[in-house]
Amino acid sequence: EAGVAQSPRYKIIEKRQSVAFWCNPISGHATLYWYQQILGQGPKLLIQFQNNGVVDDSQLPKDRFSAERLKGVDSTLKIQPAKLEDSAVYLCASSPLSGGRSTDTQYFGPGTRLTVL
Amino acid sequence: GNSVTQMEGPVTLSEEAFLTINCTYTATGYPSLFWYVQYPGEGLQLLLKATKADDKGSNKGFEATYRKETTSFHLEKGSVQVSDSAVYFCALPYNQGGKLIFGQGTELSVKP
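Residue numbers (the numbering used here), protein chains in the order written: chain A, 1 to 117; chain B, 1 to 112.
These aren't lab readings, by the way, just hints derived from the structure by calculation. Virtual Cβ for every residue (Gly too), placed ideally from N, Cα, C. Watch out, some of these pointers could steer you wrong.
[Stated by the list, open to error] Derived DSS-like pairs: lysine-lysine, alpha-carbon spacing no greater than 30 Å straight-line:
id, chain 1, residue 1, chain 2, residue 2
1, A, Lys44, B, Lys60
2, B, Lys56, A, Lys15
3, A, Lys44, B, Lys52
4, A, Lys62, A, Lys15
5, B, Lys49, B, Lys68
6, A, Lys15, A, Lys44
7, B, Lys77, B, Lys56
8, B, Lys52, B, Lys77
9, A, Lys11, A, Lys78
10, A, Lys15, B, Lys111
11, B, Lys111, B, Lys56
12, A, Lys62, A, Lys11
13, B, Lys77, A, Lys44
14, A, Lys83, B, Lys52
15, B, Lys77, B, Lys60
16, A, Lys44, A, Lys78
17, B, Lys68, B, Lys52
18, A, Lys71, A, Lys11
[Unchecked claim] Just a sample of chain A residues kept apart from chain B, beta carbon distances all over 12 Å, derived:
id, residue
19, Val4
20, Arg9
21, Trp22
22, Thr31
23, Gly42
24, Lys44
25, Lys83
26, Leu84
27, Val89
28, Asp104
29, Pro110
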């Protein structure tokens, strides 16, 4: 079974530029998560989708970050404009449903390492 | 919501040494508990999990027991290898079916 795919793996941009990350979850997984992992810290949730609806975006800086999952499969996370403090690894994860709810076990992709100069 | 506190690192051990990484949690009810591992330059991999009190999760020689009396889920391995060098994260759901809350991670370095 293929895992969670993410691209690109690395991205270097200058501040105030825009950037987009792509994620393809494990086939059949209804729930998709984007996490931000700053160096030396644990990941923190940015946004959670169930199918193509948003479940939790309370920690997403909506003035500069946006995410979509139009067909309930792939997802794109965008930052516009980027700031220095956005330098981090952006992790995508997915989980299946059980009994109509997301299971607690999440499967992570390799991440995209963003450097903002 | 739930929270987790993890032992700070870095931890440096010699090969074949015994490993313990402490993790304690605060939770409503009895959520599943997880250990994830992150090898250099890679994403998170699920190492092991336990879904109820007194459960023992195990994988690749690592073990952790869900202890509700002490609200702990300490990670142990009897004999570490150089290939175990990585960052280890303890985690639990913030609430059922939602985001995971992670500890700050413990970096393990195993020397030959």
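A quick look at each hint next to the structure:
1. A:Lys44 <-> B:Lys60: holds, 27 Å
2. B:Lys56 <-> A:Lys15: Given pair B:Lys56, A:Lys15 is violated - Cα atoms ~47 Å apart, limit 30 Å.
3. A:Lys44 <-> B:Lys52: Within the cut-off at roughly 24 Å; holds.
4. A:Lys62 <-> A:Lys15: holds, 17 Å
5. B:Lys49 <-> B:Lys68: holds, 15 Å
6. A:Lys15 <-> A:Lys44: Given pair A:Lys15, A:Lys44 holds - Cα atoms ~22 Å apart, limit 30 Å.
7. B:Lys77 <-> B:Lys56: Holds, because 13 Å separates the two Cα atoms, which is no more than 30 Å.
8. B:Lys52 <-> B:Lys77: holds, 21 Å
9. A:Lys11 <-> A:Lys78: holds, 13 Å
10. A:Lys15 <-> B:Lys111: violated, 39 Å
11. B:Lys111 <-> B:Lys56: holds, 28 Å
12. A:Lys62 <-> A:Lys11: Distance of about 21 Å is within 30 Å: holds.
13. B:Lys77 <-> A:Lys44: holds, 27 Å
14. A:Lys83 <-> B:Lys52: Distance of about 42 Å is beyond 30 Å: violated.
15. B:Lys77 <-> B:Lys60: holds, 9 Å
16. A:Lys44 <-> A:Lys78: holds, 17 Å
17. B:Lys68 <-> B:Lys52: holds, 9 Å
18. A:Lys71 <-> A:Lys11: OK: A:Lys71 and A:Lys11 at ~26 Å, within 30 Å.
19. Val4: violated, 8 Å
20. Arg9: For A:Arg9, whose nearest Cβ neighbour in chain B is about 9 Å away, the distance does not exceed 12 Å, so it is violated.
21. Trp22: holds, 14 Å
22. Thr31: violated, 8 Å
23. Gly42: Since the minimum Cβ distance to chain B is about 3 Å, A:Gly42 lies within 12 Å and the statement is violated.
24. Lys44: violated, 8 Å
25. Lys83: Given that every Cβ of chain B is farther than 12 Å from that of A:Lys83, nearest at about 23 Å, it holds.
26. Leu84: With a cut-off of 12 Å, A:Leu84 remains clear of chain B, as the shortest Cβ separation is near 22 Å.
27. Val89: It is violated; A:Val89 is separated from chain B by about 8 Å at its closest Cβ, not greater than 12 Å.
28. Asp104: violated, 4 Å
29. Pro110: Since the minimum Cβ distance to chain B is about 4 Å, A:Pro110 lies within 12 Å and the statement is violated.
Hints 2, 10, 14, 19, 20, 22, 23, 24, 27, 28, 29, counting from the list given before, are not met by this structure.
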